[in-house]
Each structure stands twice: as C-alpha cells, then as structure tokens.
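Novice: Dock chain B against chain A, hints included.
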Amino acid sequence: MEKTLNSKTKTALSAICIAAFLLIVFALDNTISAGSSWKMLITVIEKGSIFALVAASMNLLNGFTGLFSLGQAGFMLIGAYTYAIFTIPAASHDKVYQYFDGGLIQWSIVEILEDKLGVFGHYLGMFIPMIGAGLIVALIAFLIGIPVLRLKSDYLAIATLGFAEILRAFFQWNTLGPITNGSNVLRKYTTYGNAVFPVIIAGISIAIILLLINSTYGRAFRAIRDDEIAAEAMGVNLFKHKEMSFVISSFFAGVSGALLAMFQTTINATPFNTVMTYEILLIVVIGGIGSITGSIIGAFLFTAASEWWLRGLDAGRWLGISSSLMRPGFRKVVFAVLIMMIVLFYAQGIMGSKEFSWDRFFAWIKSRPEALKTLPARRKAKSAAKKEARASKAAAKAKAKAAKDEGEAKKASGEKLFTPLPVSDEIMIFGKEGK
Amino acid sequence: MTMAKDNDKREVVLRLSDITMQFGGVVAVDNLNLDVHKNEIVGLIGPNGAGKTTAFNCITGVYEPTNGAVEINGKVVIENYPQGKMKDAYKGRNQGKYTKALTMLPDKVTKLGVARTFQNIRLFKGMTVLENVLVAMHMNQGESVFGATFRSKKAREEEKAMREEALELLKKVDLYENRDDMSTSLPYGKQRHLEIARALATHPSILLLDEPAAGMNPQESDDLMRFIGRIRDEFDLSILMIEHHMQVIMGICEHIYVLNYGGQIADGTAEEIQANPAVIEAYLGGDE
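In order, the protein sequences belong to chains A and B. Just so you know, we're using the working numbering here: the first sequence kicks off at 5 and counts up by one. Just so you know, we're using the working numbering here: the second sequence kicks off at 15 and counts up by one.
Keep in mind that the hints were calculated from the coordinates and are not lab data. Virtual Cβ for every residue (Gly too), placed ideally from N, Cα, C. Be aware that one or more of the hints could be misleading.
One-sided excerpt, in silico: chain A residues whose CB lies under 10 Å from chain B [to be verified]:
1) R226
2) I233
3) A237
4) G294
5) S357
In isolation and in its complexed conformation, chain A is listed as follows:
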C-alpha cells in the first residue's frame, strides 16, 4: 500500500504552490514588455483563469448536478454589464453614453469609495460591483429557475439557451440605452492593473465551488445527477437542490462575466452568444465532465490553443509550414477536427471525473522509474499479444473456411445440412393448453 501524506502537509504543499504561482504571474506581468511575443502568456493566464471559473461553474451544473444547462453566456453577460455600468467614472459618462445624454447613472462606485478610503476603497469599489454582479445574476437565475428547472435534459438546455439569447437582445434594446448604452459598447470602466487579480478572484471562487461540492449539499447534487428518483426517495428535495445548484452556478458565472469585462476593457452584448456557451461547454468536456481540475486544465489549454498556439493557422504560417489553406478561419477548422478527435477517442476528457490529489500525484511520480524500467518488457508483451491476436484471428478464419468448404461439400453430395429435431410428446406439453 502507498503511504498517504497527512492532510497538513498536503495543505502546506498546496499553499506553497499557489503562492509560487501567484508570484510568478505577478512577476511575469511586470517584466514582460508589451511588444514581446510572450505577452500572449499573460493573456492566456488572464483569460484562462476567467474561463476556468465559468467552466467550473458550468461543471457544477452539468457535471455535478446533472442539469444540462446552456445559459452560461447569458449569465456572464449580465455580470459583465452590471460590473461595467457601476464603475464607469463620472467624467467619462458623457463620452461613453454619447447617444443617450450621458446615461442615467452619473456616478461610479469605485470613485466614491476611492475618495473616502483611498487605495483600499479603489479595490473595494471593484469588489462590490463584482459581487453585486454575481448576486444580480443569482437573483435572475432564481426567478428563471422556478419554471425552467422543472424541465429535464435537452428541454432544459433549449430553455436556458433561449433565455440567454433573449437576454442578449434585451441588453441591446434601445429603450434601455440610458443604462446599457443600447447596442453600443461600454468602455472606460475601471479594470484591474495586474494579471494576478483575475487569478486570485477565480481561484477563490473555484475553491468555494470545490468546498460546496465536497459538502453534504454537494453529495446531494451528485445523488441527483446519478439517479433523480432514488435521490428523491432518499429525502433529497429535487427542486430545492436543483435551484440551489443553478443559483450558485449562475452567481459564479456572473462574477466571471465581471472579470471578463475587466479583461476586455470594452464590452458589448454581441459576443455573449451561443458560440461562447459552446466554448465553455467544450472546456468542460475536454477537461472531463465532473472534474473541476479538468475544467481548469481545459480552460487554460483551450485559451492557449485558440489565442496563442494555433494563431499561426490564421496568419498563413504555423510551425514553419506555410500554405494557402491557412487563412483567417482555418484555425477553427483545425480546432473542430481536434475536438472531434477528443470526443471520439477520449470521451472521458483529460481528467474523467477525477480530481487532482497530492497522493495520486506522488504515487504517479514514484511509479515512473518502475514504469520506465518495465517499458521494453511491456512493449514486448503488447506486441506478442498483438501477434497472438492476429494468429488466432487467422486460425478462426481458416476454421470458418474449412466449415464452409465442408458444408459446400455436403451440399454437393446431397447430404442434409441440419438434422431436424425429433418431435416428441415432452416438447409438446408447453405448446398445448394445460393438457
């Protein structure tokens, strides 16, 4: 048996790793110059952590509660708008809301608090609308959840997807212009200064999701996912728990929407469409439905691939290969093929439904030398097994051929292929009625 580490050591290890990661992110953001090609790394870290959060929130719904909901982009949209609307500096309102006489709201929470509390107030002013964004989204999710969560599987997906689309249209409605700026972009609102900010917020949020999943409520969610009828028979109130999961998931989708608004520096309702929802769903599937670790890894891989590694496919030159095929849009073709491969051959995703654990990590590390040593032997065994399989297949084929030949020979000689069963009284008992 593998000896397991005690929980204090594991916590310490995790804390050290997280601190080191934050320090590295902070340092990188300060040292990488704007023109460097490594600037992309920062973008990936920022966007990756935002998508990790929204993917984790979607996984809470899809992977842990078994609710196939596709409203995530719509909820992010509300979050992004809520944050942006309340943090546009007073002086910029005239410019931003140029078609709506400076808009309805003429103040910014960040500025108000900054005046009173200084730097602390500045961050508090960012934090409050961010949490507020989550809360508003949670409230809307609560209301829409009442009718929608009575639906099951695909129907729920369609309803939430439709709701998200309605939201998008609603936010672009001209009559709401004084608040949402209609179909024009919102800009000049307060954003974060360093890539550490989204990483920290996303990290804390994901930690809360993990804590929830591992609590007694998380167990009830998973019970609903595994078997609704049995869960209900065990006293789990289906509606209450589904609603809970939906609201909490939407809260974090709202927070990630606020973070996305900060990352993009300008927002508009248009990109929060179904494509965005599918991207999030993709991250969840690639990472593994039912694994938060998987969602995080999936989010960073997806962002890195789409923003950075596969960029060259659109630009005409990738990994030293250039081709006339590689024009804008080709990246998406390659991406689609990659995704098909993953779904076909790797349906469990990267992590399946497992989570990262230090025990498993160290067990894996420890098993490496042994695995390397036995690699040739295993390879040999594998090829031997293959050979054997081939041989047995050939033997079966030969046998089948022989049988066929025999049958044909019999046919040719006029022999009967099957001997009919003798009709006896014993057999007839079951056929006749009660005689």
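Specialist: Leaving out everything else, chain B in the frame of chain A:
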C-alpha cells in the same frame, strides 16, 4: 371481496384505503385496501404486471393515485379522487367516497418515515458505498448551504456525526469493509444490502422493499430473510415487501396480500394464501 379481519391489536402504521391507479384506460391498481401494523412484516405478491410496484409508487408519492387515500402513522397524507378527464374515464370503484386532493412529493414521504428500495437497484453509481449512505442522511442535517460550504462548526460536527452513524450502519449490514468501494463495484447481493442500508439511513419507521430477493439463489434469499427479520427488530420497523420468491414470502411475512390484474384477490396468513383457490388460479391458471 373486502375481507373483514383486523383481529390484530397493534396500531396501524400504514393504511391504504381503496387505492386506485388508472393510466388512461388501464387500471393498474384497483381498490387496494391494505394495513401494515407496527412491527409487522407484510407481503404483497402477485403475478407480473399485477400492480405491486405501482402500489408502492402510490404510497411513496411517485404517482398520484387516481382515487383513494394513504394513511401514514394515523394521518392521511395522500388522498385523491377522479378529477378532470379522469372523472369520465374512471373505471375503478368507490367514486365519490374521497373528495380531498392531497398529494405529497417522494422526499416528503421519506421525511415522514417511509423509506423504500427499488426493484431494479438504483444506487448512486458515481459514489462510494459510504457516500451512498451519507446522501440518505442529508435531509436530517440542519446546516444551510452557506454554512456547509464554509465548514461552520455546526456543519463539521454534523458531518462527523453523519459519518460515524453511517459507518455504524455499514457495520450492521456487513458492508464496513467495502465502505470506500464504488457502489457499482459491489457484487449483486451486497448492492441489495446497500440499498437497504441506504433506506435505513433515512431513519424510517416503515420500510418498503421492492423484490429484495430478486436474482438471488436459495441460499442468498435465506440469508436475506434472516437479515430482514433482524433489521425489523433492531430498527423497530414495520415492513411491507413485494417478493416473488415464495420461500421468502411464506417464511417471513405475517400477513400477505395478493394482487392480480390490479385487483386484490386475497389476503391472509401464509397458510391461508397457499390454500386459497383464487391465488392458485392466478398463479397457475385455472380450468377453462
């Protein structure tokens, strides 16, 4: 048809009065009257499709009975009468006797102390044996989702108490060694035991077992019989069970009800049932 009996002095913990379940034109359960007394083991038998599981679903709130009432511990918790479309289509009897519409969701019924198992095992597949039992204890914990997420003192204490109780329960049903196994990796007989353990974790006073011995060999069903008797005494339960294994039913049930095509054709002790011509006809077919 209705059998006047009730020379049993024990109090009635579960009573079905004229329960009728009609799906469109099909009457799946027709006027079922059934009493379960305290600490009694009652059997519900009948050929395939007789409506036994439907009757269970009516008790546990999965279905709304078309007509009739369910009384749990002396209180009517489910009552219904044919309404709407059913009013004209209704084929059962006793129309007009019940006038209230009272329904209850399955989780509420479970909270009232009626736990059940399923005919085709319904364990939580993605969870361990211990977690399966812990889910059933979830409804009895009082911490809010907020407190549970942030591990308040109360939540930690409750979690600890739940774990201890669950492990204790697993010891009683001989699953302690398997506590960290995935529920689906258990052998069939043990999965049945786990289902019963999970039902017991909801602190029931009435236990409904839907074919607990299905797929078991005579030796296993013999063990199960003793096991059911044991948990009845240990947990102070009243048990209503559906079963096909006559050996189990006849060996353990104090009172047996027989259904055929939804209707109740007989009830009585094992000896009475075995001698009842209607039952023999239902099972073996009569003379044409």
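Novice: So which of the earlier hints does this model not fit?
Specialist: none
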